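Q: Take a look at the letters that make up each chain.
There are 2 protein chains.
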Amino acid sequence: MSLRIPGPTPCPENVLQVMSKQMINHRGKEFAELLNKVTSWLKELFQTRGDVFILTSSGTGSMEAAVVNSLSPGDRVLSLSNGVFGDRFAKIAETFGADVTRVTFEWGKAVDPDAAKRALDADPAIKAVLVTHNETSTGVTSDLAAIGSVVRKYDKLLLVDAISSLGCIDLQVDNWGCDVVVSGSQKGWMVPPGLAFASISERGWKANAEAKMPRFYWDFAAAKSYLEKGQTPWTPAVSVFYALEIALGMLIKEGLPGIFERHARLGRRTREGVKSLGLSLFADESCASNTVTAVKSPDGVDSKKLVGIVKDEHGIVLAGGQGALMGKIFRIGHLGFVTESDIDDVIAQLRLALPKVGYQVPA
Amino acid sequence: MSLRIPGPTPCPENVLQVMSKQMINHRGKEFAELLNKVTSWLKELFQTRGDVFILTSSGTGSMEAAVVNSLSPGDRVLSLSNGVFGDRFAKIAETFGADVTRVTFEWGKAVDPDAAKRALDADPAIKAVLVTHNETSTGVTSDLAAIGSVVRKYDKLLLVDAISSLGCIDLQVDNWGCDVVVSGSQKGWMVPPGLAFASISERGWKANAEAKMPRFYWDFAAAKSYLEKGQTPWTPAVSVFYALEIALGMLIKEGLPGIFERHARLGRRTREGVKSLGLSLFADESCASNTVTAVKSPDGVDSKKLVGIVKDEHGIVLAGGQGALMGKIFRIGHLGFVTESDIDDVIAQLRLALPKVGYQVPA
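Which chain is which? The protein sequence lines are A and B, in order. Residue numbers for the first sequence follow my numbering, beginning at 74 and rising by one. Residue numbers for the second sequence follow my numbering, beginning at 74 and rising by one.
Hints were generated in silico from the structure; no laboratory data involved. If you're wondering where the values come from, they're calculated on a predicted model, not measured in any experiment. Heads up, some of the hints might be wrong.
Quick list of in silico lysine to any residue cross-link-like pairs, SDA-like style, CA-CA up to 20 Å [what the hints assert, rightly or not]:
no., chain 1, residue 1, chain 2, residue 2
1, B, Lys-384, A, Asn-98
2, A, Lys-285, B, Lys-401
3, A, Lys-102, B, Gly-400
4, B, Lys-164, A, Lys-102
5, A, Lys-378, B, Asn-98
6, B, Lys-401, A, Val-430
7, A, Lys-377, B, Glu-103
8, A, Lys-302, B, Met-399
9, B, Lys-94, A, Val-91
Taking CB as the label site, the calculated pair distances span [as the list claims (entries may be wrong)]:
no., chain 1, residue 1, chain 2, residue 2, range
10, A, Ala-105, B, Ala-188, 34 to 44 Å
11, A, Tyr-299, B, Glu-117, 33 to 43 Å
12, B, Ser-353, A, Ser-75, 35 to 45 Å
13, A, Arg-424, B, Asn-87, 37 to 47 Å
14, A, Lys-378, B, Tyr-299, 14 to 24 Å
15, B, Glu-117, A, Ala-397, 35 to 45 Å
16, A, Glu-106, B, Pro-197, 50 to 60 Å
17, A, Asp-196, B, Gln-90, 38 to 48 Å
18, A, Pro-85, B, Asp-228, 54 to 64 Å
19, A, Ala-105, B, Ala-294, 31 to 41 Å
Cβ coordinates follow ideal geometry from the N, Cα and C atoms, glycine included.
When you get a sec, could you build the whole thing from the sequences and use the hints?
A: In structure tokens:
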């Protein structure tokens, strides 16, 4: 069974093998060395000189961490959302008492930096902006450099969900003025789920010092003080750290240009393959993601049914649509440990499966 | 290197091996079967017919979950604490706005149910009681049945940190009237860290429906609605679930009486061994824990130094003291995958190490 969902992604064999290592003391020297090593590698891949923390949680936990470490109840927050995960980020902020203004964009289109500018003009009280770099539910990458430039001009805090982009797509945390950026181990990092990552800028720390939302497990200040002694505040998912060390070693060796080019190639290959089947991409090609491709289900075809057949009869696990897109699209993950021949196989199997749901693939 | 700290604990070889399995879709049928199976086993080991949820986090995350799912800011809460982890539970509740009355007990002694009774008499406005079943920092097990009986009489909510007791020591969640009980995978469960467990009673659900503390990642209502379709709300630590399936299978096969008797034997063996070295137990023997034993450092000996020598020269990792006990005690973990001969080895190595810090072991 080949897993081609946008996370968890398949892991390389050497990453999986090391998961079988026996436990070590998470307050001992060996773990401190491991933690320091992977933290410094993450900083390099986050392109930041700020702090990076590793949380034992899924990506959603790190989104909650970004919010509660930066804001106070009643703070005005601008949410820029073009899909399920953008909406989730806004909902988390609301749950903790932020006063959220939602600017939404048509699903399949990118976040428009000009709309952000207009919203910030309209409400000078806004303190922070929430944005999803790569919207996994629609396969859209927004222009975070441009969004960051707007947010910096207005001197607001920028919180970024980069769960399905970091380690795959260029994201210059410092250069683009991102204050808190979060990601999850089970995406392009080629690691099993269980760890999430969060960077925080100097400016983020200033906000943190004033932020009144309650936090304990997610507290970045605790994470920082423990990191100084080579520890995490709470018991970490040790085995996933073992995997992270191997996978980050591979990524550091490949280098950021190689990582970005690999995902760009995989993205192009997937989009070309989908079009060769006569199917339509859900996202505007101008903002199509290089980590996940959303495909419109052929007219009259429930994408759930297609996804089921591709899995049961062709051994490939694709993702369906989420929220309002359930049944209407299917999604192909091409982030992390995936090759062009894996993508060719997905397209070949789709070619065989589509006629079974009544869609004739053009010759 | 033998790990004899009270978590992470060593894992059996078959538990570790399965951690190397490739990822699967966390929203697919195979994961649903796994989740349903381990959830039903956990219910059996929690001795509850209530709900049990599995969170991707460390044990502290589940303590936060217990608090935010049950309380509202301003709620009066009684904390019964006899150590570092009892204090942590109180601090979490305060962080989220509870009005906490702290009743503390001398470290090394058990929580006194009569003191709980007096505190509840003194303040009828108390809504919930926080207690640590097994205080890992001092090696003390409190009489939770008696505490539960008091709390039930006063019709209060009972939130229990059972992180280092469940799966080792008898804890009758339903019979003893516990409303929310939490534990962590890296303890007696013989599984690497990364998952935490939480049970909730009918009464807990009623409190949950009214509880106003903000929650998103930890939300039990979300966990329940996803569990009904065989999923977790957020991406779970899939590999740790693989390990959990193997380890719970072993525990279920052994049965609760066997599990409790095994830990009772290990506890006795450890205490007898420590006494044979002429050392003193830190905890009152009447409430000494069967999962972790705290030992007073010999007069004038910094326990940190002893722990360092035992590790570097004898290959055994013990735990030092926490908080006010730093340097004053050392702790031996004997929960989960540990045998009596492992304990005999700890004692034998201590016998060799102690003279190096100037303590003469009696002949």
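Q: Now tell me, hint by hint, if it's right for this structure.
A: The hints, checked one at a time:
Taken as a hint, the Lys-384/B and Asn-98/A pair is honoured in the structure, with Cα atoms around 11 Å apart against an allowance of 20 Å. Distance restraint check for Lys-285/A and Lys-401/B: the Cα-Cα separation of roughly 36 Å exceeds the 20 Å cut-off, and the hinted pair is therefore not satisfied. Our distance criterion of 20 Å between C-alpha atoms is met by Lys-102/A and Gly-400/B, whose separation comes to about 18 Å. A C-alpha spacing of about 28 Å is found between Lys-164/B and Lys-102/A, which places the hinted pair above 20 Å, so the restraint is violated.
At roughly 17 Å between alpha-carbon atoms, Lys-378/A and Asn-98/B fall within 20 Å of each other, so this suggested pair holds. The hinted pair formed by Lys-401/B and Val-430/A fails the criterion: a straight-line CA distance of about 71 Å is larger than 20 Å. Restraint check: the Cα-Cα separation between Lys-377/A and Glu-103/B comes to about 17 Å, which is no more than 20 Å; the hinted pair holds. Among the hinted pairs, Lys-302/A with Met-399/B is consistent with the structure: their alpha-carbon atoms are about 16 Å apart, no more than 20 Å.
At most 20 Å may separate the alpha-carbon atoms for a hinted pair to count; Lys-94/B and Val-91/A meet this at roughly 11 Å. The supplied range of 34 to 44 Å is met by Ala-105/A and Ala-188/B, whose beta-carbon atoms lie about 40 Å from each other. Judged by the Cβ atoms, the range 33 to 43 Å given for Tyr-299/A and Glu-117/B holds: they are separated by roughly 36 Å. A hinted range of 35 to 45 Å for the beta carbons of Ser-353/B and Ser-75/A is inconsistent with their spacing of about 60 Å.
Range check, Arg-424/A to Asn-87/B: about 41 Å between beta-carbon atoms, so the 37 to 47 Å window is met. Between Lys-378/A and Tyr-299/B the CB atoms are about 23 Å apart, so this pair conforms to the stated range of 14 to 24 Å. Take Glu-117/B and Ala-397/A: their Cβ atoms lie about 40 Å apart, and the range 35 to 45 Å holds. For the hinted restraint 50 to 60 Å between Glu-106/A and Pro-197/B, the CB-CB distance of approximately 53 Å keeps it satisfied.
A hinted range of 38 to 48 Å for the beta carbons of Asp-196/A and Gln-90/B is inconsistent with their spacing of about 56 Å. Taking the beta carbon of each, Pro-85/A and Asp-228/B are about 55 Å apart, inside 54 to 64 Å as hinted. Checked against the hint of 31 to 41 Å, the pair Ala-105/A and Ala-294/B passes, with Cβ atoms roughly 38 Å apart.
Consistency note: the structure conflicts with the earlier hints numbered 2, 4, 6, 12, 17.
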